[in-house]
Amino acid sequence: MQKKTGLVSYLSDNSRPLSSFFYFALIMTIFFAAAPEVFFAAKFHQAVMTTLPIIIFLVIPLVFIVTMGEIDLSFASIFGFAAWIFAGSIKYFGFDPFLGLLVGIAGGAALGIFMGCLVVYGRISSLVASLGALFLIRGFLFVVSDSKSITIIEIRDHWMYPLLVGKFYGFPMQLFWAALFVIISYFLYHRHVFGAHVHHVGDNPDSAAQMGVNVDLTRIYCFMFCGIGAGIAGIFSTLINFTWWPTQGFGFLLLAIAGVFVGGTPTWGGVGTILGAVFGSGVIAYMETGIVAMGWSGLWRQFFNGLIIILALLGHRFHGNRIR
Amino acid sequence: MEPIIELKNVTKKFGGITALDNASLHVDKGEVVGLIGDNGAGKSTLIKTLVGVHKPDNGDIIIKGQKVNNWNTKKAREAKIETVFQDRALTPQQSIVWNIFMGKELRHPFGFIKVKEQIDEANKIIREIGFTSKLIDANSPVGNLSGGERQGVAIARAIYNDADLIVLDEPTTALSLIETQKVFDFVNNVKAKGRSVLFIGHNIFHVFDISDRFIILDRGHVVHKLDKNDVKTPEELIKVMKDTVTGGKS
Ligand SMILES: Nc1ncnc2c1ncn2[C@@H]1O[C@H](COP(=O)(O)OP(=O)(O)OP(=O)(O)O)[C@@H](O)[C@H]1O
Ligand SMILES: [Mg+2]
Numbered sequence: 001m002q003k004k005t006g007l008v009s010y011l012s013d014n015s016r017p018l019s020s021f022f023y024f025a026l027i028m029t030i031f032f033a034a035a036p037e038v039f040f041a042a043k044f045h046q047a048v049m050t051t052l053p054i055i056i057f058l059v060i061p062l063v064f065i066v067t068m069g070e071i072d073l074s075f076a077s078i079f080g081f082a083a084w085i086f087a088g089s090i091k092y093f094g095f096d097p098f099l100g101l102l103v104g105i106a107g108g109a110a111l112g113i114f115m116g117c118l119v120v121y122g123r124i125s126s127l128v129a130s131l132g133a134l135f136l137i138r139g140f141l142f143v144v145s146d147s148k149s150i151t152i153i154e155i156r157d158h159w160m161y162p163l164l165v166g167k168f169y170g171f172p173m174q175l176f177w178a179a180l181f182v183i184i185s186y187f188l189y190h191r192h193v194f195g196a197h198v199h200h201v202g203d204n205p206d207s208a209a210q211m212g213v214n215v216d217l218t219r220i221y222c223f224m225f226c227g228i229g230a231g232i233a234g235i236f237s238t239l240i241n242f243t244w245w246p247t248q249g250f251g252f253l254l255l256a257i258a259g260v261f262v263g264g265t266p267t268w269g270g271v272g273t274i275l276g277a278v279f280g281s282g283v284i285a286y287m288e289t290g291i292v293a294m295g296w297s298g299l300w301r302q303f304f305n306g307l308i309i310i311l312a313l314l315g316h317r318f319h320g321n322r323i324r
Numbered sequence: 001m002e003p004i005i006e007l008k009n010v011t012k013k014f015g016g017i018t019a020l021d022n023a024s025l026h027v028d029k030g031e032v033v034g035l036i037g038d039n040g041a042g043k044s045t046l047i048k049t050l051v052g053v054h055k056p057d058n059g060d061i062i063i064k065g066q067k068v069n070n071w072n073t074k075k076a077r078e079a080k081i082e083t084v085f086q087d088r089a090l091t092p093q094q095s096i097v098w099n100i101f102m103g104k105e106l107r108h109p110f111g112f113i114k115v116k117e118q119i120d121e122a123n124k125i126i127r128e129i130g131f132t133s134k135l136i137d138a139n140s141p142v143g144n145l146s147g148g149e150r151q152g153v154a155i156a157r158a159i160y161n162d163a164d165l166i167v168l169d170e171p172t173t174a175l176s177l178i179e180t181q182k183v184f185d186f187v188n189n190v191k192a193k194g195r196s197v198l199f200i201g202h203n204i205f206h207v208f209d210i211s212d213r214f215i216i217l218d219r220g221h222v223v224h225k226l227d228k229n230d231v232k233t234p235e236e237l238i239k240v241m242k243d244t245v246t247g248g249k250s
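As you go down the protein sequences, you meet chains A and B in turn.
FYI, in my numbering the residues of the first sequence are 1 to 324.
FYI, in my numbering the residues of the second sequence are 1 to 250.
Just chain B, with the same shape it has in the complex (with noise of 0.2 Å):
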């Protein structure tokens, strides 16, 4: 099978840190991949460098079968590519609806905002996430909402627009158990629908629940690519990646 997309041997550095090294991944059409390591292992930088933020030092993107030359979180999107990053991407002075068209308005001609239409649709998702207080519209700046909500929106502006590759970076710290279950129906969905999931976590048991494949990150390395067959319980994810990171490769 093709895959959507594909890194290769990609580098990435910070001044003198090398956040990523020579890595490589790809995710099929209709599958989800767990992506795991440490903290500052490089899964945020990853995902960044995969959607557009930040320039590779090294290495290429590879959308559907070709490679990408100036890749920018804009043309991510145009490839249906949507993200739930960690910091959520939101602007809080902001109305919700704003919040959830930035960078993807619903136009007319001359770039003139659709303005009743962005409402209903913010209506709509809103009603979905299922805030609470009453005091909450689509004009609502996104700076008055609690942190489970906030998340609530960066994932529903993820959803709105159909994507062949979604991107959740720790999409469910801050949920309540509900509201985690509701991420989890959200992904499974996803992927019945044929479409594709990269998800980021910290809970292993979580990650190994709704993921087909893993690949574990370790300072900048990718240092395992496992699916199920490989690793049948969470428990021995977790023994996996103890392994590595005390396997002290550096």
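Same shape as in the complex, but just chain A (with noise of 0.2 Å):
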């Protein structure tokens, strides 16, 4: 046999990724053809890149959790955790925005290394111990806050908000930010040691233990990035809606898992993609907008969101089994 050529390997090389940028362009056309004059209004477009940053926070850590062979439904409420603590310090403490930042993505992060621990020394399954921290987490939010929203307009006059959800030429910052955390995102997944563990204990984890990759910890490791990409999804939302909201990013956590799947990662860990996590956010986050903005019936929305996840799946099918 011949050694594929350049192009084919490449092709095969990178099929997931390729796939679902297939499916995104599907999605750009469809929206094309249906409505040419709104499709080329820029007011489509700005609904999506307003969700679309918020969204691939909460995909690419999804991606490493999912290749990890495990699964994590707490980061929807992890995302108004965070935000809680943002607005929350800033408002009833009087902390400097950028303070209130920090200490919100560190809340996230503290509760997702809470979620590891639990899987990792508990030994629950993460699927279960997740569903259970969601509840739990957003239970106490509904408690604490009494179910009142909390509202930081003043933030708009300080320097941090243009640079985090300002407009540079007509693009709103988040984008920029978003695409920063996919870049080092993608460099920890693929040339990274936490990245290669993470596939390494997917795949097999008493293979890696017994070659000493540190199991638990990375496992920890992993929850934890979780638990900061949700912050940081959630302090940004709280920052485009000047408002804190007791049931803020519950909406999210279907479509944020439907993003990592419909991108190509497969469910049973050990292989995964970035750059497909990408434009699987972006087939969700049109979808969600694109929709409505086209003028159809919202009542659609719903139905060709199932639709589309499902033929992406099967069209991720070709991409083949498990190697064993």
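Hints were generated in silico from the structure; no laboratory data involved.
It is possible that some hints are incorrect.
Lysine to aspartate or glutamate pairs mimicking DMTMM-like chemistry, simulated, CA-CA at most 25 Å apart [stated by the list, open to error]:
hint : chain 1 : residue 1 : chain 2 : residue 2
1    : B       : K74       : A       : D206
2    : B       : K80       : A       : D216
3    : B       : K75       : A       : D216
4    : B       : K75       : B       : E6
5    : B       : K225      : B       : E235
6    : B       : K75       : B       : D57
7    : B       : K67       : B       : D162
8    : B       : K116      : B       : E78
9    : B       : K242      : B       : D227
10   : B       : K80       : A       : D206
11   : B       : K191      : B       : D28
12   : B       : K104      : A       : D206
13   : B       : K104      : A       : D216
14   : B       : K55       : A       : D216
15   : B       : K55       : A       : D206
Coverage of chain B stretches by chain A, computed from C-beta distances (three or more under 8 Å per stretch; other residues unrestricted) [said to hold, decoys possible]:
hint : region
16   : 88 to 99
17   : 112 to 123
18   : 140 to 154
Glycine is no exception: its CB is placed at the ideal position from the N, C-alpha and C atoms.
Using the hints, put the two chains back together into the complex; each one sits in its own frame.
Below, the structure written as structure tokens:
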């Protein structure tokens, strides 16, 4: 047999992100064909560009988690928790918003570590553990906030505001932060010892342990990363809306998980793709905001969302089964 | 001579099963020790305890004269002990390079991987193993390799890191005659360099040929420690084993 030539081998090595890109392109084509005048209106994309970064902050760490053979649902509540710390510390304790941001992200990281410890030392499956944490943290937020929102209009005047969520030639700044997040995550995933260990643990935790990989610590770090991503997402959401509210982030739960799988990361662990997840997030973000922006009935949104998820997953089946 | 590693009165239980009962052994510098015993005798459990996969319920592990605490696989590798496990300890969906460097990645500062160096080294290793298929390169997933090739990767990985002690748990099953001979040449090489090998094998003739000493395990007990003066031929070694096992001590 001959070694595959450059292009063919490139395509087959990157088939997962490429097909995610294909789904993304397909959706864009459909929107374009359906209503070109809407498609070329800046407003149509602006709504998406505001939501997309938040979805990316959630989806990328989930790719690490799923690659590691675990799942985390608690991110949707950690989102609200970190944002609550951020908004609350500014409003009630007079924190400088930048300090509030650091404390908020640290809070997300701490909850992530807590999740990791629950899975590693409590030996609970991550699905069940994070389901419990999802409700526990959300319940905590309802109680401590007495179900009331926190508004922090004043952050608009802080130096951080234009830097994080201002506009740059019409593009929302959070898009650039999300891009930076993707780049860092890409290198972590593919070229860093942490990413390598995440792959090994997801592939075969016993082998990894036998070769001296600290499996427990890798798991805990990975959940911590997820907490950090959720924290950043929550804080960005609060910055954009000037408000924290008790159910904040809950709506992203299923969307972010869908983004991972539409993005081409399989469910079984050991493999995944960061770039694919970016396109997966794009698909989800456009489906969420696009259908309404097109002037179609919002009643159809979930239906189309489900349809594209199922079709995308059927498509990803062609990348084959798990190698054993 | 000071042993480079020593197990003292180690007991290891899995639930109701006592896989190791008060087992002791040591490996000196520059010797090849053959560990033999029936299926389920506890050989793999013994070496896994030795290299930190299992935590012993009782007993001590002594490395270069020092009793160690919280012994684990990472510390074992840092102490220059490399192991080829019976199940090979590979991750099939990951590339050959990533498997070769698993747990001991070549690192830049801040933990970034030296991607190019790793690939170059892996390609060298692949050439040495002598993979025949041109489709295989450092980035091929290990899961696409044959059983013998996978074993080659596991053995090459142990060789790559200049270890003081190499532990081989049935390294020659699934290997062809020529490959088996390569493994023996390698063992002799290691010994010639003054390093040590702990060799587990089912084929007594193989074990006899390359070992300086023999340890016989039976149902978790170390029942015999012999050297080549005690048993002159493989047949004698087999006889000792048979006598022990039919001796029916429990
Ligand atoms: N992780 C484990 N959990 C429970 N029992 C185990 C475990 N590992 C080994 N055992 C038990 O311990 C005993 C010794 O097993 P071990 O694998 O050490 O034998 P062995 O001498 O290596 O056998 P073989 O020659 O077949 O490889 C067996 O009864 C086995 O069932
Ligand atoms: Mg064994």
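Hint check results:
1. Distance check on the hinted pair: K74 (chain B) and D206 (chain A) sit about 13 Å apart at the alpha-carbon level, within 25 Å; holds.
2. Distance restraint check for K80 (chain B) and D216 (chain A): the Cα-Cα separation of roughly 23 Å lies within the 25 Å cut-off, and the hinted pair is therefore satisfied.
3. A C-alpha spacing of about 15 Å is found between K75 (chain B) and D216 (chain A), which places the hinted pair at or below 25 Å, so the restraint holds.
4. Proposed proximity of K75 (chain B) and E6 (chain B) is supported: the alpha carbons are some 15 Å apart, at most 25 Å.
5. For the suggested pair K225 (chain B) and E235 (chain B), the alpha carbons sit about 16 Å apart, so the restraint of at most 25 Å is met.
6. Under the criterion of a C-alpha separation no larger than 25 Å, the hint pairing K75 (chain B) with D57 (chain B) is consistent with the structure, at around 19 Å.
7. Simply put, K67 (chain B) and D162 (chain B) have alpha-carbon atoms about 23 Å apart, close enough for the 25 Å limit, and the pair holds.
8. Among the hinted pairs, K116 (chain B) with E78 (chain B) is consistent with the structure: their alpha-carbon atoms are about 23 Å apart, no more than 25 Å.
9. Taking the CA atoms of K242 (chain B) and D227 (chain B), the gap is about 17 Å. The hint holds against a cut of 25 Å.
10. Restraint check for K80 (chain B) and D206 (chain A): satisfied, since their Cα atoms lie roughly 21 Å apart, inside the 25 Å limit.
11. For the given pair, K191 (chain B) sits about 11 Å from D28 (chain B) by alpha-carbon distance, which is consistent with the 25 Å threshold.
12. For a cut-off of 25 Å, the pair hint linking K104 (chain B) to D206 (chain A) stands: about 16 Å separates their Cα positions.
13. For the proposed pair K104 (chain B) and D216 (chain A), the alpha carbon gap of about 17 Å is at most 25 Å, so the pair holds.
14. Proximity of K55 (chain B) to D216 (chain A) is assessed by CA-CA distance (about 15 Å); at most 25 Å being required, the pair is judged to hold.
15. Simply put, K55 (chain B) and D206 (chain A) have alpha-carbon atoms about 14 Å apart, close enough for the 25 Å limit, and the pair holds.
16. Proximity of the region 88 to 99 of chain B to chain A, defined as three or more residues with a beta carbon under 8 Å from a beta carbon of that chain, is established by the 8 residues found.
17. By the rule of at least three residues with a Cβ nearer than 8 Å to a Cβ of chain A, the coverage given for the region 112 to 123 of chain B holds, with 3 such residues.
18. Only residues whose C-beta sits within less than 8 Å of a C-beta in chain A count toward coverage, and the region 140 to 154 of chain B has 3 of them, enough to reach three; the restraint holds.
This entry satisfies every hint, going by the numbered hints stated previously.
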